Amino acid sequence: MTRKALGRGLNALLSEMTVSSNEEFKEIEIDLIEPNNLQPRTKFDENKLNELAQSIKENGVVQPILVRRINSGRYQIVAGERRWRAAQRAGLQQISAIIRDIADDKMLELALVENIQRQELNAIEEAYAYKRLIDTLGLTQETVAQRVGRDRTFVTNYLRLLRLPEDIQELVEENKISMGHARALLGVDDPNTQREVAKNIIGMGLSVRDTERAIKRLVNSSDPTQITRKSAGAGDIYTRQAEAKLRRKLSTQVKITSNINKEGGKIEIHYYNDADLQRIYELLSSAGMVNEESVKT
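With the numbering used here applied, the sequence shown closes on residue 907, and no number is skipped along the way.
A few of these clues could be false.
To be verified - Here are the computed distance ranges between Cβ atoms for each label pair:
#, residue 1, residue 2, range
1, Tyr881, Asn830, 33 to 41 Å
2, Leu893, Gln664, 33 to 41 Å
3, Tyr891, Val818, 46 to 54 Å
4, Leu747, Ile640, 29 to 37 Å
5, Asn830, Gln664, 51 to 59 Å
6, Glu668, Ile640, 13 to 21 Å
7, Arg827, Glu892, 36 to 44 Å
Simulated from the structure, these hints should not be mistaken for laboratory data. Keep in mind it's a predicted model, so treat the numbers as computed, not measured. Using N, Cα and C, we set each Cβ at its ideal position, and we do this for glycine too.
Let's have the full structure, built from the sequences with the hints guiding it.
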């Protein structure tokens, strides 16, 4: 999905700062630079860092990083931490940088916008960045949305992800479930139910639509505290998927029925004549699902 273009990019934000007289471009010793403690990005893809490091070895740092002066002759990164990290891996002693005087209250905003523009934040990192803008600068959701060029509902949807348990947030950060899945999980309030559904999303490869349907059935069930597949209403999804796989494997109709008031159920495999029965039996035998000793005549 194409992401909406930001209304205010780095150039727009930086143009607001009348610091041209204090602006400087120079090569800076990498060891004199430290990361931004307001950096919204907390995870860096190791493979992509190595790829960038190799590119820097061959072509140098194409785009300078942006830093500001701090005490003791040192510098703090405003934008470009990934390039700085990759330059370290590439063995560079110095890196090209633009030095600007930037106030504390602009640091987080600049770092956030830079990462969003590069699409380098996962959904949880972006959500926490919005929260920090609100908590640190006392901004409203509407103002945050304006600052980063998003709709207010867009920011609100991201902030809602922070209601999920931390272990589920980690699944989003690790790309094991998508933001769409995470938003669907917010349809139930019980954390254990959310974890159960998340486990099934991963284990059974449920789509976002499947997850939404499962959550809807769960909410409408007579006993919403139950989180088994059957009582949550999600069983229909799993059952239909299992039936489809068996139909493809056996090339015949298969029906799985769960018992209503207790565990278990039955699987019905249809056959059309004796030859078809023999064919299905041989398929099951070759798969190790039956053996001669278990067959009663």
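Each hint, compared with the structure:
1. The hinted window of 33 to 41 Å between Tyr881 and Asn830 holds, with their beta carbons roughly 37 Å apart.
2. Take Leu893 and Gln664: their Cβ atoms lie about 50 Å apart, and the range 33 to 41 Å is violated.
3. A hinted range of 46 to 54 Å is violated for the C-beta pair Tyr891 and Val818, which are about 39 Å apart.
4. In this structure the hint that Leu747 and Ile640 lie 29 to 37 Å apart at CB holds, the actual value being about 30 Å.
5. The hinted range of 51 to 59 Å is satisfied by Asn830 and Gln664, whose Cβ atoms lie roughly 53 Å apart.
6. Roughly 18 Å separates the CB atoms of Glu668 and Ile640, a value that falls within the hinted 13 to 21 Å.
7. The given range of 36 to 44 Å is respected by Arg827 and Glu892, whose C-beta atoms sit roughly 38 Å from each other.
Of the hints listed earlier, those the structure fails to meet are numbers 2 and 3, in rising order.
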